[in-house]
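J.: Each chain, letter by letter, is given below.
2 protein chains.
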Amino acid sequence: MKAAVYRGPGDISIEERDRPEIEDPTDAIVRVTHTAICGSDLWFYRGEEDRADGAPVGHEPMGVVEEVGDEVRHVEPGDRVFAPFAISCGECEFCRKGLHTSCANGASWDEDNGGAQGEYVRSPHANGTLVRVPDRYADDEDALESLLPLTDVMGTGHHAAVCANVEAGDTAVVVGDGAVGLCGVLAAKRLGAERIVAMGHHEDRLELAREFGATEVVSARGEEAIEEARELTYGGANHVLECVGAEAALETAAKVVRPGGHVGYVGVPHVESAEFVEQLFFRNASFTGGPAPVRQYAEELMVDVLQGTLDPSPIFTKTVDLDGVPDGYEAMDQREAIKVMVHVGA
Amino acid sequence: MKAAVYRGPGDISIEERDRPEIEDPTDAIVRVTHTAICGSDLWFYRGEEDRADGAPVGHEPMGVVEEVGDEVRHVEPGDRVFAPFAISCGECEFCRKGLHTSCANGASWDEDNGGAQGEYVRSPHANGTLVRVPDRYADDEDALESLLPLTDVMGTGHHAAVCANVEAGDTAVVVGDGAVGLCGVLAAKRLGAERIVAMGHHEDRLELAREFGATEVVSARGEEAIEEARELTYGGANHVLECVGAEAALETAAKVVRPGGHVGYVGVPHVESAEFVEQLFFRNASFTGGPAPVRQYAEELMVDVLQGTLDPSPIFTKTVDLDGVPDGYEAMDQREAIKVMVHVGA
Numbered sequence: 001m002k003a004a005v006y007r008g009p010g011d012i013s014i015e016e017r018d019r020p021e022i023e024d025p026t027d028a029i030v031r032v033t034h035t036a037i038c039g040s041d042l043w044f045y046r047g048e049e050d051r052a053d054g055a056p057v058g059h060e061p062m063g064v065v066e067e068v069g070d071e072v073r074h075v076e077p078g079d080r081v082f083a084p085f086a087i088s089c090g091e092c093e094f095c096r097k098g099l100h101t102s103c104a105n106g107a108s109w110d111e112d113n114g115g116a117q118g119e120y121v122r123s124p125h126a127n128g129t130l131v132r133v134p135d136r137y138a139d140d141e142d143a144l145e146s147l148l149p150l151t152d153v154m155g156t157g158h159h160a161a162v163c164a165n166v167e168a169g170d171t172a173v174v175v176g177d178g179a180v181g182l183c184g185v186l187a188a189k190r191l192g193a194e195r196i197v198a199m200g201h202h203e204d205r206l207e208l209a210r211e212f213g214a215t216e217v218v219s220a221r222g223e224e225a226i227e228e229a230r231e232l233t234y235g236g237a238n239h240v241l242e243c244v245g246a247e248a249a250l251e252t253a254a255k256v257v258r259p260g261g262h263v264g265y266v267g268v269p270h271v272e273s274a275e276f277v278e279q280l281f282f283r284n285a286s287f288t289g290g291p292a293p294v295r296q297y298a299e300e301l302m303v304d305v306l307q308g309t310l311d312p313s314p315i316f317t318k319t320v321d322l323d324g325v326p327d328g329y330e331a332m333d334q335r336e337a338i339k340v341m342v343h344v345g346a
Numbered sequence: 001m002k003a004a005v006y007r008g009p010g011d012i013s014i015e016e017r018d019r020p021e022i023e024d025p026t027d028a029i030v031r032v033t034h035t036a037i038c039g040s041d042l043w044f045y046r047g048e049e050d051r052a053d054g055a056p057v058g059h060e061p062m063g064v065v066e067e068v069g070d071e072v073r074h075v076e077p078g079d080r081v082f083a084p085f086a087i088s089c090g091e092c093e094f095c096r097k098g099l100h101t102s103c104a105n106g107a108s109w110d111e112d113n114g115g116a117q118g119e120y121v122r123s124p125h126a127n128g129t130l131v132r133v134p135d136r137y138a139d140d141e142d143a144l145e146s147l148l149p150l151t152d153v154m155g156t157g158h159h160a161a162v163c164a165n166v167e168a169g170d171t172a173v174v175v176g177d178g179a180v181g182l183c184g185v186l187a188a189k190r191l192g193a194e195r196i197v198a199m200g201h202h203e204d205r206l207e208l209a210r211e212f213g214a215t216e217v218v219s220a221r222g223e224e225a226i227e228e229a230r231e232l233t234y235g236g237a238n239h240v241l242e243c244v245g246a247e248a249a250l251e252t253a254a255k256v257v258r259p260g261g262h263v264g265y266v267g268v269p270h271v272e273s274a275e276f277v278e279q280l281f282f283r284n285a286s287f288t289g290g291p292a293p294v295r296q297y298a299e300e301l302m303v304d305v306l307q308g309t310l311d312p313s314p315i316f317t318k319t320v321d322l323d324g325v326p327d328g329y330e331a332m333d334q335r336e337a338i339k340v341m342v343h344v345g346a
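Protein chains in written order, with my numbering: chain A, 1 to 346; chain B, 1 to 346.
Here chain A stands alone, though its shape is the one from the complex:
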């Protein structure tokens, strides 16, 4: 089979690999039909994170079940499924409490399981990990493309909103206009936020933020942006979604939150200095987040997607086939695409 492989910074190649096989009775083999390239893939692509030469890549698979192990009950061959970026068993303490990203039996797609940017993928813990698309929508291409972001960014934006305690009637600030930030806007809107201030640096993305429900946008930088957001919210927002992870974004979030408010954060924090912690402290702001338990949110978000009240698919501003994956990485690296969909097959 063909699969995308990491060959060094800026170098993704499509290579022939062995097709995965059932290894454990809880495994399923999925023929990948759709997958995506993630902003977090850019960390290793840019050489800012270690990744072994020859390592498989990708962690957002959707496809059709080909084969299942003896203990798989939740799906059967022929089912259309998708899977969150984190593999989870569904039955340990942490899965039971909805924190699938802390699963006691958890694993990743790319580093542990052959990657999801390829023709086939082996899913361990298929009962807990795979989400089945209802038959009626199993071959509905529009529905599938709207569901694909539930593998990662839509669930992650939702986690930011949940961690920021967004509820109906609230005013929320979303820091970051990448795919996760845009999904954060959708999530805040979906949870009933009345005002949503989107902060970012790209006019086209902020325009999409408006389409997704942002009532105001802030495109300034640094202290000017912070001042603007604080003015718009009469002194800071009670609910701030930090959707980047970079130090400047964390500082912005910590300065834009209202005393006693809530910051939800979902990007791996890449910070040197802990100065923003002091900002949070003197505001008595809560700071909550982590790797989003996307599996926990999959069913509730799928209901909305399938009933037509939630559609994150406009974040895919470019589509490639499997051979086009290297181009897809480049487009995301150059910010020519917000997020790239990989259409592997039917």
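If you're looking for bench data, these hints aren't it; they were derived computationally from the structure. Hints may be right or wrong, so weigh each one.
Unchecked claim - Keeping only pairs whose Cα atoms sit at most 25 Å apart, straight-line, the calculated BS3-like set for lysine-lysine is:
hint, chain 1, residue 1, chain 2, residue 2
1, B, K255, A, K97
2, A, K255, B, K318
3, A, K2, A, K318
Starting from the structure of chain A, add chain B where the hints point.
T.: This is chain B only, laid out in the frame that chain A set:
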């Protein structure tokens, strides 16, 4: 009048100062009968925080109202009162929401208002700031000594427990065996925690932690202490009270919290590196805290103190008079006392 004054690192002197007078119609003049020396006073005492030569010190006053301004309705001359470490108006947005330490009209005792380690103090915003002790207990020395910690450390330990989401039946870990940590144990116990693991480095203080309700204590240091606490809690506690503010304590808290759990923190974070933030992130742990809104908690804690179900007074292991304040600082600096009470007059 006599008052304690900062004269440089390690140098507190008792000097003659003008007695404060009513300046605004919302002021009250309080004759101080009891006050205390705080662990946070050691920052400037040790030269680790700037303080002007000649600055007044102290922020935990209890006393008898001498005189009130025209707009003061809440107290009258002769009332026994105490006051939280932060002055608050009681009527702004943040006081209304119980976050008196973010009061829009807030001020401090020592830097803004003549200090509380002296014979008299002027209380601005007396309606919002002063807490009246019921007449029945106004001259009950035992009650007064048990109430004195409500000016700061008892409310602060309670805030840590509230921020750590401690509820009945929970298992909590308290990091730090200073006065705030010990009050954190009392607070967790009061909120119904079933198991309380106290972590610290002083056998005598950990013994007091046991008397206050700790079911287990951990006196090891560094990674060994973390391992021990994690073992005692079968993999980490859902509720961690970080009662120090130093980097090592924050790291300990971040490594001892269970995935999906809650860290409450109440010491000003003195950190260089943000490594503990990554620990929190990968556990999806909430991190909440700040300067404790002690005024918000004063009445509910006072009820328990006066009915005899809460008594933080054993944290006072040394008592001095006003002339003994310099000795009191030295005893706390040398860790010869957990906390020093200053008995100024009857």
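J.: Taking the hints in turn, state whether each one holds.
T.: Hints and how they fare:
1. Restraint check for K255(B) and K97(A): satisfied, since their Cα atoms lie roughly 20 Å apart, inside the 25 Å limit.
2. This hinted pair does not check out: K255(A) and K318(B) have alpha carbons roughly 41 Å apart, beyond 25 Å.
3. About 21 Å separates the Cα atoms of K2(A) and K318(A), which keeps this hinted pair within 25 Å; it holds.
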